[in-house]
Each structure stands twice: as C-alpha cells, then as structure tokens.
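K.L.:
All chains, please: the whole structure from these sequences, using the hints.
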Amino acid sequence: MNNNYLIVAENIGYKINENKLFHNLSFDVAEGEALHICGDNGSGKSTLIRIILGITKQTKGNIKNNSSHGITYLGHKNAIKNYLTLEDNILLMELNDKEELNKYIEILNLRKYMDVIAANLSFGQQKKLALLRIFLNNSDLIILDEPFVGLDIETQDILSEFLNNQLKMNKSIIYTSHISCQIESKILKIN
Amino acid sequence: MFEFAFNSFYEAIYMNGHGIYVWSVLAIVCLSLLVFFTLYSSKIKQIKKKLNEPN
Amino acid sequence: MKIIRLEFLKLKKKTRTWLGPVLVFWLMMIAYPLTVEFLQEKLEVGFFSVLWIAILISMMLATEDIFLEDFNDGTLEQIMIKTSSFSTLVSVKILTYWIFVGIPISILSFIFSFGTTEDLALSLMIFPLSIISSYIFLNLFVMGNALSLNKGSVLGALVTMPLALPVLIVLGKSIIAIQLSINYLGFIFLLLGCLSIIIVTVPLVVSYIIKAHLE
Amino acid sequence: MIKKFIHQFASPKTYLFQVNKFYNYIFFISVFIYISSITWGLLFTPEDFVQGNSFRIIYLHVPASFISQSLYAAMAVSSIVYLVWRVKLAAYLVIAIAPIGAMTTFIALISGSIWGIPTWGTWWQWDARITSTLILFIMYLGLISFHNSFSNYEKADKLLSWLVIVGAVNIPIIKKSVDWWSTLHQSASITLTNKPSIDPSMLYPLIGSIIGFFGLILCLVLLSSKNQILIREKTKSWIKDYV
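Protein chains in written order, with numbering that gives the first Met the number 0: chain A, 0 to 190; chain B, 0 to 54; chain C, 0 to 214; chain D, 0 to 242.
Read the hints as simulated data drawn from the structure, not as lab findings.
Ideal Cβ placement from N, Cα and C applies to all residues, glycine included.
Do not take every clue at face value.
As the list claims (entries may be wrong) - Result set (DMTMM-like, lysine to aspartate or glutamate): computed pairs, CA atoms no more than 25 Å apart in a straight line:
1. C:Lys210 <-> D:Asp178
2. C:Lys12 <-> C:Glu117
3. C:Lys1 <-> A:Glu9
4. A:Lys80 <-> C:Glu68
As the list claims (entries may be wrong) - Sample of chain D residues with no beta-carbon within 10 Å of chain C, all distances over it, derived:
5. Glu46
6. Val61
7. Ser64
8. Arg85
9. Pro98
10. Phe105
11. Ser112
12. Thr118
13. Ser144
14. Lys154
15. Asn169
16. Trp180
17. Tyr241
P.N.:
And the structure:
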C-alpha cells in the first residue's frame, strides 16, 4: 500500500431545496483500492458519485481529485445512441486499442450484432455494449453506478474479475451496488 | 398652481369627454396594486400560519 | 476534427431531425401563395416577410432536441468527465446542424425567391442573407434550448425569440436596401458582425448553462 | 473579506429583520406621496392645450413605464451579484421582482393604449417604444414561466440569472433596432419621445407620482421577497424564531 490518494473527501454534504441528503461524509480512495458506497434507495448514492465526478457541486465541505489520467464512468445513463448500429456506437466511444476491443467484443458475444441498431438490443446487451467503455479504459480511476444491474451471471463474473485485475494494476474503483460481488473493497455507508 | 382645474365636480368626472379614459386608467392602476398587495400579504400570512402549526 | 466527424455521423442518421425542418420550410413556402390571390405582383408584397419568418420557424424546429438526446442518454456527462472543452462541442454541433438544415434552407429560399420575383440578381442577394441569418437564428435557438433543456422546446423558443427580433428588422431593412439598390453590402457586414459576436458568446454561455443543468 | 461582508450583510435573516423595521414607514410615506401627487395631477393642474384633459394619464402612465424598465435593470444587477458572489438573497430578489415587473409593464401598456385612443385616435401603434415595451412584457412572462418549470430551486436560480443577463444585453439592442425600424416605416406620428417642454405645474406632480409609485413598487418587492425567503428558508432554525 502506498499513500497516493486519488480522491480525498472531507466533511462533504449536499442538500436540495434546503433538504439535507447527506452530511459530514469523509472518505479517501488510494491507488489500488476499491470503495463500495452502500445506502438505501434515495440516500444519495448517485448524487455522491456525481459529486466525486465533479458534475454536481457539494453544498458543504471539500473534495480533492488527484487522478492524473482521468476518470472512466458508467452510470444509469449509458450514453448509447439507440438509432445507431453497434459499430457506430463503438466508434462514438472513441476507443483506441483495436485489439483489446475485438477481444472484448468476442468475450461479450457482441460480434453478431455489430450491424444491429442499438434500439433493437435487449437492456442487458446494451449494458454490455456500454461496459466496453470500462473494459477499454486508460484512466486511473473507474467509477461505476450499479454496474451489475441487468447483467447475466456470466457477464457479472467477467466484470468482477476484470475489476479485480484492475485493482492489482494499481487502479482505483468507486462503485455502488445492491448485488453482492467479489471485489475486495472498503465500505462507505450513507443514510 | 393649486387651483382646482374644473368648475364643478361633474366636470372633473367628465373631463370634456376624456374622463372615461383617465378614470379607467386610474382604476386599473389602483386595482392591480391592490391585488398584488393583498396577494402577497395573504401568501405570507399563509406560510406563517403553516410554520406555526407544528409548534 | 474527429469530433466534427462524429457529430456528422450522429446527425446524418437522425433523418427526422434535419429533414423535418427543411420540409416544413418547404411547405410554408408553398402555403404562402395559397393564402394570396394568385397574382404575381401581389405575391411579391409579403413574400420576404414570410421567407424570413419561415427561416426563423424552421430553425426553431431544427434545434428542438439538439441537446435533449445527449442529455437524456448521458453523453453530456461523459463529455464533461473527459474535460474536453464543452464550448467546442457546442459550436461543432451548431455547425453540423447549420450544414444539414441551414444550407438547404438557404438554397431553397434562393429558389423560391427566384420563382416568386423572377429576378435573378435579387435572389442571388437573398442567398447570403439567408445563409447568415439562419446561422444566427440557429445559435439563438440553441441557447434557448439549452436553457429549457428537458423542459420542452416551446419555453426555450419563448425566451429567446425576442433576441431574434433585431435580426428580423435588419433583414427587412436589407430587402428595402436591395430594392432601392443602396448599401446592400453594409447590411451583410452588419449581419456578419452580429454573427461573429454570437458565434463566440453563445457556445460559452451554452456550456455554462448545460453545466448548470447537469448539476 | 468583501465576500464575507456581503454574505453577512445580505443574509436573508438580516434582510428580513431590516425589512420589517422599515416597511411601514416606506409604505405610508409612499402612499401619501402617491395619492397627493395623483390628486394634484388629475384635478389641480391646468388643462393641456394640445391633448386636453386626457394628458392627465401621464401621471399614471409615466411612473409605470419608467419603473418597468428599472425593475429589469434591478433584476439584472441581482443576477450578476448572484452569479458572481453566490448571494442567495440576490437570487430571491430576481424571482421576487419578475411578477411585479410584469405587472408594471402591463400597466404601462394598458394605460398607454387607453391614452392613445383620444390622442392618436387609435389604441395601438407599432411605435418603437410601445413595441419594445410589449417585448419587455413578453420577456417578463417568459422569465416567470421559465423559473416555474424547475423543481430544483438552485438550478432554476442559476439558469434564470443567466437568462436575465442575456435579456439585459438584448433590451437596449431591441430598443435601438426597433427605433431604427420604425423611423423608416412611419414618419410623423406623435411619439412619446418628443414631449413638449413641460410646465412646472405639470412637472412637480409628475415627479411626485414617480417617487410615490416607486415607493409602492418597492414595498411590493419587499413583500414578495419576504414571501420568497419564507418559502425557501422555511427549514432554517431562525425562521421559527422569526415567525
């Protein structure tokens, strides 16, 4: 373990229309560490993730992001254009490593759908397509909001294995999940 | 400067036929001011009442 | 330049978004003579007013979901995380929309004004006017749509339409200038001046607005 | 340092207590000024030679049209203050002013129209001033409906402020361009711009009515901002003490 912290949050809080969602949250994520954010529905998990991403601004406290290679993020919205074919969608993701890409297309069984319009795919298949963004990341921090929802068990295994490998490569992961998974991680509970 | 501009009360109302325009504008101005004042003060009263209720 | 290619790809596949406004423009130009008794001279009287308003309306329609789709499917978030410049994206988007909608409409307006006035010189002068004004309108409505993102495009149009009124006045004046053959170039430069200011400020303002929306 | 000062001074709490202290004085003084100058204007000033008695509408119309524009300027200033220094009170003021601005613009339009019947012989002219006032009215309504369409107040505040600033840049442009447009279309109709030099006996009540109306509108703004603060800060602990 080293002390290179990617994310350091001190006493952050957030409120909408004067209603407190959470307050005084402090946590940090070091290189090679995973953070599992737990909480009930509506406890502000997604908001917290958006704060970490820097999209939403916290109403209280400080958060520091030291990642130098950017963040790869996959949330509820998967940025897939449903009027484009799979091939075009992959083009839009601007993934550079063609070899890796082909490998994961095979692994995820997406090859035969390359000419299909994304709207005609099932939810799970669309999610797989969106996961390509994660599998081909070249950033040092991966942030996932409910990554396992809608995936079949096989793909869930592939994903958690991949994430464990990434941790070994000294990358950091922050995720929320209702489904238990085999990723060794710190737990942050918010109420 | 402070002389009454009309010879009688009726003339002041009539204003050589222009009275209807002048007084209707006055009515509109007064009415809208009145409506807004009552609207806001009643709204404030309502909110205060609501805030007082739980105590 | 990759970003331009990708935006092109997206818009090209969304036929409804770019073909729709062009067709509506076309129909409006056809509808106009139907409301007038069919005499060539009478047609010319109101033709240009209808032309400018038709350009305005079709530009409004074209921008209807310029950010909505990217907002709903999370593309905007991905772009924001990548920290690539938001305002570049906005200006590229506007450019592609202009190429797909503005230029065809300008060509159509040339054809229709030639058909109505049978005056080639005049119609050739109309072409640059409509090309520039369509770009200006597009920018303005993009701003309106950014403001009322996911609140329906009517609201956005409502709040930005006043911004387009000065441009309409300039367009009306320039028609008179053409007909009296005075100072036509002055109006072109005036419009270009407006455009150059708008082209810089709108993407900046829009990127701030979209960031506020994502929050 | 300055920021801290502004935030302390412009906290909704201090504002609310200050408003309550001064509200009654402002209200009664401006009611007095307004009523007295209106009576003076409507009943005691001599008749105008050109327009006859209908000129008396000036005492109702001019304050409204003057203040309708000043209110937009006030909104623009508050918007800038909000966006630059994040002063919440400024955001409350922006949305508090909007309906009142719409009301004064409406009064200005209606009174202008009614005034037009005896003087111009028509209730509507596509005159530069009237057209730009009409646009101003539409912009006010647009702002209100815009703000109402959001459920997240803070987002609404931020976007509304942007919109107000964009509009503030645009209002002088609209005015200039509409001026330019109407000069060519119609030449010699009576415009409000070319007022004959005014006699002091007509001028003083006019000034009085402007001041009085301004005071009344100020009271309305205070009331409506109070309303906004109560709505938006109702969860704060000091509100309970206040109520």
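K.L.:
Compare the distance between the alpha carbons of Lys1 of chain C and Glu9 of chain A with 25 Å, and conclude whether the hinted pair is satisfied.
P.N.:
39 Å, violated
K.L.:
Would you check whether the claim that Phe105 of chain D is not at the interface survives, using Cβ distances to chain C and the 10 Å cut-off?
P.N.:
Given that every Cβ of chain C is farther than 10 Å from that of Phe105 of chain D, nearest at about 17 Å, it holds.
K.L.:
Just checking, Glu46 of chain D versus chain C, shortest CB gap more than 10 Å?
P.N.:
At roughly 39 Å from the nearest Cβ of chain C, Glu46 of chain D sits farther out than 10 Å, so the non-interface label holds.
K.L.:
Does Thr118 of chain D really sit off the interface, with its C-beta more than 10 Å from all C-beta atoms of chain C?
P.N.:
26 Å, holds
K.L.:
Run the distance test for Lys12 of chain C versus Glu117 of chain C: straight-line Cα separation, threshold 25 Å.
P.N.:
36 Å, violated
K.L.:
A cut-off of 10 Å on Cβ-Cβ distance, and Ser112 of chain D was said to be off the interface with chain C. Does that hold?
P.N.:
20 Å, holds
K.L.:
Using Cβ atoms and 10 Å as the threshold, tell me whether Lys154 of chain D really stays out of contact range of chain C.
P.N.:
6 Å, violated
K.L.:
Please check whether the beta-carbon of Arg85 of chain D is more than 10 Å away from every beta-carbon in chain C.
P.N.:
13 Å, holds
K.L.:
Would you check whether the claim that Ser144 of chain D is not at the interface survives, using Cβ distances to chain C and the 10 Å cut-off?
P.N.:
7 Å, violated
K.L.:
Are Lys80 of chain A and Glu68 of chain C close enough, with their CA atoms no more than 25 Å apart?
P.N.:
8 Å, holds
K.L.:
Does the alpha-carbon distance linking Lys210 of chain C and Asp178 of chain D stay inside the 25 Å limit?
P.N.:
37 Å, violated
K.L.:
Check the non-interface label on Tyr241 of chain D: least C-beta distance to chain C beyond 10 Å or not.
P.N.:
Nearest chain C Cβ is 30 Å from Tyr241 of chain D, so the label holds.
Hint compliance for this structure: hints 1, 2, 3, 13, 14, 15, 16 are not met, and every other hint is.
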